[in-house]
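Number of protein chains: 2
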Amino acid sequence: MKKLLLSFALLLVSLVSNAEDIKSPKGNFNLHFNLKEGVPTYSLDLNNKAIVKESKLGFDIKTIDFGSLVEAPSLTSGFTLVDSKTSTFDEVWTPVWGEEKEIRNHYNELVVTLKQETTERVMIIRFRVFDDGLGFRYEFPAQKELTYFVIQEERTQFAMDGDHTTWWIPGDYDTQEMDFNKTKLSEIRGIQEKMNSSNVSSKFFSNTGVQTSLMMKSNDGLYINLHEAALVEYPAMHLNLDDKNMVFESWLTPDMQGNKGYMQAPRTTPWRTVIASYNAGDILMSRITLNLNDPCKIEDTSWIKPVKYIGVWWEMITGKSSWAYTDEVSTIELGVTDYTKLKASPKHAANTQHVKDYIDFASEHGFDQVLVEGWNEGWEDWFGKSKDYVFDFTTPYPDFNVVELRDYAKSKNVKLMMHHETSGAIRNYERHLDKAFQFMVDNNYNSVKGGYVGPIIPRGETHYGQWAVNHYLYVVKKAAEYKIMINAHEAVRPTGLCRTYPNLIGNESAKGTEYESFGGNHVDHTTILPFNRLLGGPMDYTPGIFVPINETNPENTSYVRSTLARQLALYVTMYSPLQMAADLIENYKQFPDAFQFIKDVAIDWDKSLVLEAEPGDFITYARKEKGGERWFVGRTNDEEKRTSKIEFDFLTPKIKYIATIYSDKKDAHYETNPQAYQITKYVVTNKSKLKQFVAPGGGYAISIVPVKDKKETKGLRKL
Amino acid sequence: MKKLLLSFALLLVSLVSNAEDIKSPKGNFNLHFNLKEGVPTYSLDLNNKAIVKESKLGFDIKTIDFGSLVEAPSLTSGFTLVDSKTSTFDEVWTPVWGEEKEIRNHYNELVVTLKQETTERVMIIRFRVFDDGLGFRYEFPAQKELTYFVIQEERTQFAMDGDHTTWWIPGDYDTQEMDFNKTKLSEIRGIQEKMNSSNVSSKFFSNTGVQTSLMMKSNDGLYINLHEAALVEYPAMHLNLDDKNMVFESWLTPDMQGNKGYMQAPRTTPWRTVIASYNAGDILMSRITLNLNDPCKIEDTSWIKPVKYIGVWWEMITGKSSWAYTDEVSTIELGVTDYTKLKASPKHAANTQHVKDYIDFASEHGFDQVLVEGWNEGWEDWFGKSKDYVFDFTTPYPDFNVVELRDYAKSKNVKLMMHHETSGAIRNYERHLDKAFQFMVDNNYNSVKGGYVGPIIPRGETHYGQWAVNHYLYVVKKAAEYKIMINAHEAVRPTGLCRTYPNLIGNESAKGTEYESFGGNHVDHTTILPFNRLLGGPMDYTPGIFVPINETNPENTSYVRSTLARQLALYVTMYSPLQMAADLIENYKQFPDAFQFIKDVAIDWDKSLVLEAEPGDFITYARKEKGGERWFVGRTNDEEKRTSKIEFDFLTPKIKYIATIYSDKKDAHYETNPQAYQITKYVVTNKSKLKQFVAPGGGYAISIVPVKDKKETKGLRKL
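As you go down the protein sequences, you meet chains A and F in turn. For what it's worth, numbering that gives the first Met the number 0 labels the leading residue of the first sequence as 0, then goes sequentially. For what it's worth, numbering that gives the first Met the number 0 labels the leading residue of the second sequence as 0, then goes sequentially.
Simulated from the structure, these hints should not be mistaken for laboratory data. It is possible that part of the hints are untrue.
Put simply, identical chains are the same to the list, so a pair is met inside one copy or across any two.
Unchecked claim - For lysine-lysine, the following DSSO-like pairs were computed, each having C-alpha atoms within a straight-line distance of at most 27 Å:
| no. | residue 1 | residue 2 |
| --- | --- | --- |
| 1 | Lys-606 | Lys-296 |
| 2 | Lys-709 | Lys-625 |
| 3 | Lys-52 | Lys-346 |
| 4 | Lys-713 | Lys-653 |
| 5 | Lys-434 | Lys-476 |
| 6 | Lys-680 | Lys-346 |
| 7 | Lys-482 | Lys-625 |
| 8 | Lys-588 | Lys-644 |
| 9 | Lys-143 | Lys-55 |
| 10 | Lys-22 | Lys-84 |
| 11 | Lys-340 | Lys-143 |
| 12 | Lys-296 | Lys-340 |
| 13 | Lys-342 | Lys-143 |
Bound-form chain A, shown alone:
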């Protein structure tokens, strides 16, 4: 009888119970889902400490009826829990390229099926709890009551447990090329109000809106990151902060009518991710974003290879050279303007001879590719004119001989890297896409740097709305048909799609090295980027500036907020399968010993470790090259003088290595003395330790090579 009563009680409890808990495999994280009086909520603890307090879930939607939008009940309340399932997943997969050779995807999953009683609409939420955080997404199964609907807003909350410190940029529908602010959550509003008042044209959509990924640190040292994974056929998510209660809510990028996402069930949303640890390095080492993306969809990936490149680019960024062929006219019409009749500017850098010089240098120093910008008709009026038919991506200037350079590069075992600046004119780019890609194939190009500089055309759309998000992936998929790799600048910040489409080898979507030439980046910029921007995928940061800008172009008074040594470190700390030695080749010729590190550094890895990390202060990485035994260490610093303390216990035991350390001299300084670097060699083993001085805006880079011949160690001290 007791048993019967107990069973009955349990039955009753299970009938009314609307709460579900699921832990990470190690048991440290707990995801608590709770349907509170029909309102779906979740919370996340780490070892019983709240990371995300009780937060609501759901959507405001409209449905579509004969082309018109119709009001519909919000998908935020009135639900019952009709089903819940748990499962476990544990698999190791191999990325085509990456920070490590293998990645483990291990999580416990909870799937709850909710039904809204009044509408009979079904919404599923899938939670995956990893040992370093949480990912969850919404799913709308095929159902009679809900097929075509339009998201007015996603109502996903992330309730923070305190006035955390955060490194943020303001929410914006078109750019991430902004400096990070480091403030308390409560201080965001004040900063944005100041920014708004000084810049009439750039009102933010909210004074407390921020972009993701968002990096935070609680008062008791818990690092928290919020982002999304697998952004497909959906607008990018910003976060809007209720700064009374410290609750973030998703704020999607609208289209020009204010609608946020056009959906057709069955459909899933991107994943929303919460990564947390008391160890900053764990954030950097988290692979949640990649793990939440679909496995690789490209069958044959043999043509996808990391690329180390130089380019005809920095000279234009600094203003020394021009993209445009001529100064004679300021407006052109493709197919009408006869460039052969115009006077070539001596500043036009993308000319055959100059490119050959770069090909020679690349060949001599083992670089794979040479980027050339300004090779094609259209640069005279490409920017700021809202020009639709702005480039055709296949017609070179008169001084750029496509065939000659194709053959010359081939003879030197170097490829040229294509450049497709779209100026944001998306329809124009898509109209030319097949011809542009075929042109690349015909001329031996296999990678392209794309750009979206300028407001998106169709006018009224933005860089981060569903329309543009759809476009970027369209380009990646079509490129794969032609076996072409994509490096898309000014596109939406990545969300791990490179797992599914590994030909997406790079993006920008943050302030990169070019901004050193436009007034300079914050000194600590590269100590923050890996915690924010790089969570979603690699960045084509294009470091490697050795020579002060005003030596490259005396008219440019901007300077690089970095020592030379730190520039080398960035090849290790700013992970990317695509790495540029961005400076002019004549500048590298001045420093062959330092340049040697760039030549040596690997760009694909078996293994990566974070040795030291504090967002906004410093990051030190150690990485082992893929398929080899060399290790590389890199350290990037903020504006403080610091001492880095690392141990080499990652090295293989009982093996001796030569470590070549490229570091700041004691008097190095990013502003006053950036070129003060030194190179020292040591013998190291896995027992070695290093205490290394790091200058303001400085860093160091180490290449660590196993000793082959005892003679190599002659005269070297041991660390």
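Please build the complex by placing chain F on the supplied structure of chain A, with the hints as guidance.
Below, chain F alone, put in the same frame as chain A:
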């Protein structure tokens, strides 16, 4: 001295004179341009009677600076006349297809160059005066002070000299599929206010906005038509009426930000046209629209041929059959939904056997092509869902065998006509365009009916804005690369571009025959269309409905507002190089004698004449086939019983012809007795006359064939 003073006076006069006059070649029209205190104006007289009273010209613009729009002085005042030139042009050109074999382009031209003093901006206005009216356009030459600008509104006025009667449809950015209203100008507002109050979702942009072309008739019997020609890279023009002063002003179609046209000088606008005559037939016979367009840009036009076709279409329009393959699902995903696993609806008409039946019929009766709608995946959820990836234009349903039908049609010397319904999803269509056209070529299609049913995607754009206008021409040009002819339904109403791109063989852009099935057209609809819609180019009106709709589909209670005889007449009165016998083939089999006219009627002409015409009442045309001696006469009627009185003086003298007259019986009526037709044969010569009864909603059709053998005349009366 006197001479000197005179010269000096003339010099003074020419310096201050800001007026220019130019007459038509015959001297009947006078165009008066007058720069009144810096404000450009024009007026147009016909034999000293005002057609257009003094009307202003110009633009409100903004310029573009670094992507932002900047306020700029209007281009409406502050001008001086810096130059004026006159010239004459007289040329006969040969259209690839048309209402006549040759067209004379004869005008006097005045070009005035205006300079705005404060901005130094130059605006040119080019006036061409023909013997039947006026065309003028603006031109912005290459100039330093004005290159990239955005039209906020065009400020072209057409000041009417009275409260004319007008046949109009309301201004609208997405559709022309509306019934014409016949009212005074002063009554437009009242009608639109009523229309607005009954239809909440469809507010017009103005209560006195109307579309072009616009047909009017003054109180003293002067017919006036306003339209535009050569609409390229510019938004479509509507007219907004100041109904106090009876002054129309251009109202351009905006983009989603409210901007009206993105311009880059050097650039010209479309032509604005004013056609006028006391003879209604002269309006129909005016070739001003074609003459203002650029000559043919396609080098080899041998593949462009008029098409007479039947189709698997009307059965879906009436609801008897379905476009969709299956009823089993109401939502599909291209490439995911497996149609082979779904149950085919017995109503799916586009199946191999049924299409073969149509091919057989076409072959037997001498038709060139068979249109098939509903052949391709996607029809289950194509409409009203704002679906982006809605069709791929190349994947057939399981019951439509592309290759089998290709070969079968070829064996029967018939082509299939392709159908590309885009659902307004422009980007999706463009992404598939090359593959879709190549698919056509591979499968022996050379013409396609395109559709844009539904709101345009990118959402926020409209059917008539610059964005869509650019798209339609992009499709026409690309089609020409594949030697494909275009018949674009729901696109912007044509403006004579078929002269430049004669592969544009048809458009819709008005209520067509399909509306007979959706509630019926106005009885007099086809007596108005040629005065409005057809001024810009042919319409794929798809007439030829013989059998009441409720016999084709008992569930459809709509009926055709037309007698059968009038349906035959439409092949003559609704000029088009593309003519469909739209009814079901089984319906034609019931009336082989009447159907004979459709088989016989030509679709390309040496010569055309208007015998009788009054907008809204009746139109009678006579046309001579191209390269032959047969004539065809057609008469379309309004809701009144009428007697048509025509003379056959257009026939070649001294030749006898057999005239077969397909006419209404005395008791015929479009509603109660539409199938009451009779066929009578006569011998006719150029001295013959005819008095022919025409029923309400009726008409008659006559084929006139030279007698070859006297035996033919046996037993026939002579007219």
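Please write out, lowest number first, the hints stated earlier that are contradicted by the structure. Failing hints, ascending: 3, 6 and 8.
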